[in-house]
Every structure is written in C-alpha cells, then in structure tokens.
Amino acid sequence: MAATFSDSLASFYLAFPLIPEIDIMEKSAGDRKSSDQFLGSGLSRRTFMQTALAAGMSLYASDQLWAQQVASTPRKGGTLRLVCDGGGATDTMEGKASSGADHITCVQSSVYDTLVFPTAEGSVQSNLAESWSSSSDGRTWEFKLKKGVEFHNGKSLTASDVVWSLSQHAVPGAKNGDGRNIVGNFESIRADDSNTVIIVQKEANRDLPIQLSAYALLVAPEGTANWNEPGRGTGPYMIESFEPGVRFIGKKFQNFHREDQGWFDSVDVGCVLESATRTNALMTGAADVIGNPEPKTAKRLSKVGGKVLEVVPSGQHFLTAMRCDADPFTNEDLRLAIKYGIKRQEIVDKVLYGYGYVGNDHPIGKNYQYYNPDLEQREFDPEKARFHAKKSGYGGGVLELKVSDGIVSGSVAYGQLMQATLRDVGINVEVKTVPADGYFSNVWLKTPWCASYQNPRPTADWILTNGYSSKSPFNDSGFNSPALDKLLSSARGEADDQKRRQMYYEAQRIVRDGAGNTVLAFANFLIGSTDRMGHGPIGAQRRLDDARLTRKWWFKT
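The sequence shown lines up with residues 1 to 557 when you count with the working numbering.
Everything hinted at is true.
Quick list of in silico lysine-lysine cross-link-like pairs, PhoX-like style, CA-CA up to 20 Å: (1) Lys-155 - Lys-144; (2) Lys-155 - Lys-252; (3) Lys-446 - Lys-471; (4) Lys-471 - Lys-486; (5) Lys-556 - Lys-307; (6) Lys-251 - Lys-155; (7) Lys-486 - Lys-499; (8) Lys-76 - Lys-556; (9) Lys-471 - Lys-175; (10) Lys-343 - Lys-384; (11) Lys-307 - Lys-296; (12) Lys-202 - Lys-471; (13) Lys-486 - Lys-202; (14) Lys-299 - Lys-350; (15) Lys-252 - Lys-556; (16) Lys-432 - Lys-446; (17) Lys-350 - Lys-296; (18) Lys-76 - Lys-252; (19) Lys-175 - Lys-446; (20) Lys-76 - Lys-251.
Simulated restraints, written as ranges between beta carbons of each label pair: (21) Asn-226 - Asp-193: 23 to 33 Å; (22) Gln-419 - Glu-229: 42 to 52 Å; (23) Val-398 - Glu-294: 27 to 37 Å; (24) Lys-486 - Lys-432: 30 to 40 Å.
Since the hints were derived computationally from the structure, they do not count as laboratory data. Even glycine gets a Cβ: it sits at the ideal position worked out from N, Cα and C.
Take the sequences, apply the hints, and build the full model.
Here is the structure:
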C-alpha cells in the first residue's frame with residue numbers, strides 16, 4: 001500500500017525531529033545570510049530537502065514544508081506601521097495612570113517591561129524576573145531579577161527600581177484599577193538585595209506571577225518623573241518621538257535583554273479613531289497592521305489579495321449593568337425577567353456579525369482555565385421572563401437603558417434588539433443614547449441601567465474580583481455578595497487545584513443568578529494585516545496580541 005502524505009510527513013519528523021524547533025534569524029546588514037543557505041541550527045536547504053525526500057515526501061511537498069518553516073520563523077528588520085484606535089491628548093506611559101486604551105498600551109509595551117511576560121496560552125514566562133517562588137501558604141513571593149538588563153539610558157536595572165515602580169500603584173491618585181487592586185493586596189514589598197524582590201501579601205494569592213504581567217505594572221528607574229521622556233524603559237524600542245493620542249515612533253534598542261522579541265528596526269504606531277480610515281490605510285498600503293476593524297466590513301479583508309484578517313477568540317464581553325443597589329433593579333426577579341427576555345444569539349449575529357459567541361451572565365469565557373461547562377446556557381424564555389416580571393411586581397413602567405457607541409461599540413444596536421424582545425414579554429424599555437464624553441463620570445456606576453463591557457484578564461479570579469467583589473471600584477452592577485467575597489478569598493489561596501476549580505465554578509453560578517449584569521456576548525478580537533506579517537500564537541488578554549504586537553510580530557519577507 002502506498003504511503004500517504006501524512007505518513008511521509010510523520011516519517012520525516014521522526015528522521016529529523018528538531019525541525020519544528022529550529023530558529024531562523026536573518027542577520028542585520030553586514031552579516032546577512034539567505035534562509036536558503038542555513039536554518040538556525042546549521043541545517044541547509046539541501047540537507048532539509050534530502051532528509052524530506054528520504055522520508056518519502058514528494059519534491060513539491062518537501063519544498064512547501066521548507067517554505068512554511070522559513071515563513072513561520074522570526075526575521076529581523078523593517079519598519080512596522082501599526083494603526084490602532086484608543087488614544088487621547090492626555091495619554092501618558094506612566095504605569096499608575098494607564099488607561100488601557102489600545103494605542104497608548106501598545107506604546108507602553110514597546111518602551112517598557114513588566115516583571116513577567118504573558119503567554120498566548122494564559123501562563124507567564126520570565127522577563128525582567130528570571131525566576132520566582134512562594135512560601136507554602138502563598139503569601140510571600142521571591143522574584144530573582146535577570147542580570148545584565150539595561151535601561152535605554154545605560155543604567156542597570158536593580159530591585160529598587162522594581163520596588164519603586166510597583167509601589168506607585170499604591171500612592172494617592174493612582175488611577176489604574178488593575179494596579180490598585182493587585183498592589184493594594186501587598187502588605188510589603190522590598191529589595192532583599194540588588195537582584196531580589198520580596199513581596200508579602202495581605203491575603204494569599206497563588207496567581208500573583210500572572211497578575212504581575214498586567215500591562216500597567218511597568219518598571220522604570222527609581223524616581224522617574226516623566227515616563228514620556230526617552231531613556232526610561234528597558235523594552236525593545238527607544239522613544240524617538242511621541243505625540244500622545246497621535247503617533248509614536250520607536251527605534252530598536254540594541255541592548256534589549258531578549259533575543260526572542262523586538263524584530264523590527266523601528267516601529268511607527270499611529271492613532272486613528274475612525275475604523276473606516278484605519279481600514280483604508282491597510283488597503284492602500286499606508287499601514288502594515290490595523291487594530292479593531294469593524295465587524296460589519298471585516299470579512300472583506302480576508303477576500304482581498306495580500307490582506308489577512310486575524311480572528312482571535314477572547315474573554316472581552318459586552319453587557320448591560322443593572323445596579324443591584326438602585327431601584328427598580330434591587331428586585332432580583334426583575335433582573336431575572338430581563339435576563340430571560342434577551343435573544344443573545346441574535347446579538348452575536350447582528351451586532352458582532354458572527355465574530356463571537358453568546359454570554360451566560362457571568363464573565364468567564366470558554367478559553368479560561370476554570371470555565372464552568374456545567375452551567376446551563378441561559379436562553380430566551382418568554383414564559384420565565386413573564387413569570388419573574390409578574391413576581392417582581394413590575395407594573396409596565398418605562399425602564400431606561402443608557403447606551404453610547406463611542407464607549408461601548410455596538411451598544412445602540414444591541415440595546416434596540418433587547419428593547420424589541422423585552423417588549424414581546426411585556427417589559428417596556430427606552431434606549432437612550434448619550435454622549436461618549438462624560439460617560440464614565442456621569443453614567444457608568446451612577447445610572448440604574450447602562451451599557452458596559454469588560455476586557456479580559458488572565459485568570460478567573462482576576463476578572464471575578466475586578467467586576468463582582470463588593471470592594472472593587474469596577475463592580476458594574478453594585479453586586480454585594482458576602483458569599484462570593486468569601487469564596488474568592490478562599491480560592492485565591494487554595495493550593496489544591498480541584499478544590500479551587502470547584503470554588504470558581506460556584507462563583508460563576510452565584511454571579512450568573514444573582515448579579516445585575518446581563519452578559520450578552522463574548523467578542524473576538526480582530527486584526528487586519530498584510531500577508532507579509534509573521535507571528536506566533538496570538539494572545540487574547542488584550543487587543544493587538546495582548547497589546548504586545550510590536551514586540552512579537554515580524555516581517556516574513
């Protein structure tokens with residue numbers, strides 16, 4: 001019986017098992033060699049082809065495999081032109097003031113480093129810290145710093161720089177919520193020596209290393225006053241010019257401490273708020289990569305020659321927040337009536353254009369480690385909606401839902417879809433569109449019912465604590481459950497993984513049935529690019545490859 005292509009491929013990898021691990025790196029000018037001359041291990045194209053043919057592969061298949069190997073391996077050089085949204089004139093690279101918007105976050109990650117680095121699989125790898133360990137109770141952590149790391153001004157990184165930088169998130173006026181929550185659990189942080197950082201937490205938290213990969217927990221020289229000035233970072237690109245909310249140009253830092261990131265000679269990161277303008281930049285060749293193309297038109301990108309649409313399943317989700325501490329939503333039955341009166345799949349189809357999947361009134365997406373697959377999916381159920389509405393005493397009055405496309409993209413459309421289906425079960429909703437300006441200061445957390453969203457976080461504990469614990473400043477619906485608070489605190493320090501899993505399963509049930517958020521849909525992250533771009537697995541904790549695209553992507557040709 002003749003060998004199949006799969007059989008031949010398997011035989012080839014058995015004959016040369018290191019091929020998937022091989023690095024190809026194009027050298028800089030003056031020391032440049034063709035990928036046809038060698039692979040990183042010294043394997044030439046001739047040897048590769050001879051080995052493949054000996055394994056029974058055809059000449060065509062062997063040549064295709066070689067081409068795939070070359071194309072999927074990082075190469076140095078070129079200027080990346082990235083265009084994204086989410087920027088403003090007051091943006092700063094300072095960690096404690098991080099807004100989390102796309103443009104400034106990509107700029108921050110180009111210039112600065114975090115102690116550890118997030119992987120696309122949801123774990124972390126060494127970065128400024130090369131190793132870490134904890135006490136048996138999970139409260140005390142020791143981080144050993146990588147030696148030889150330099151700031152862009154030539155200063156060597158020390159533990160004192162790390163201690164000072166993280167401590168900034170605990171000073172009065174610190175604005176970044178993740179930083180405040182994480183560092184707020186520190187009982188103490190100190191430099192044990194120039195190369196060692198010791199953190200003691202108020203409560204045990206076995207997820208601390210993952211949390212320290214947060215985009216805002218950046219490290220600068222001790223005492224840095226202006227983070228927008230050149231020379232302060234340890235990241236792959238030095239500041240050449242920066243106009244907040246408009247454009248950043250960075251030049252490769254030759255003493256960058258990692259050999260597996262920072263492939264471009266320079267990066268040009270522009271901020272364009274209009275989706276159509278970003279798409280046009282890609283189509284006309286003015287940009288190599290764009291962030292967040294409109295779902296309505298995104299499919300066209302994949303049908304244009306030379307263009308690629310990357311679709312990345314994520315934990316970002318869209319919701320409406322009914323304040324549990326504000327009438328009429330203090331009534332749990334009214335909240336349940338609304339939850340049962342929504343057609344979530346219709347929202348995925350008509351607002352996200354299929355780029356996502358339905359939510360189930362809790363924030364843990366299917367890609368999370370502790371996602372609970374046993375919870376029944378909440379479907380549109382008019383009988384249950386009417387039952388709970390009647391039980392709540394709802395008398396037909398108008399319930400106002402405030403929305404703003406400028407803050408929550410698509411919220412006007414999904415608000416109107418909700419309005420229509422809730423009308424069918426006897427609940428009268430008025431969708432009120434409000435300006436984006438002032439939404440977070442005048443509407444969110446202050447109005448009884450409004451549109452909102454939550455970005456992904458690397459762990460189930462992080463997103464549950466951030467969005468639903470009674471002490472969190474980002475608790476959209478004002479949900480106050482002592483049982484949930486106690487459960488999250490216990491799970492955070494639990495060493496037994498199975499026990500911890502069951503705790504997070506129960507936390508999802510409590511939130512799904514009791515909290516005031518209607519979690520409508522989880523959205524995929526979309527990235528448009530030219531077909532010249534190469535990359536590994538794409539991270540989904542933030543848009544644009546965990547906002548680290550400038551560090552992780554490269555030009556294939």
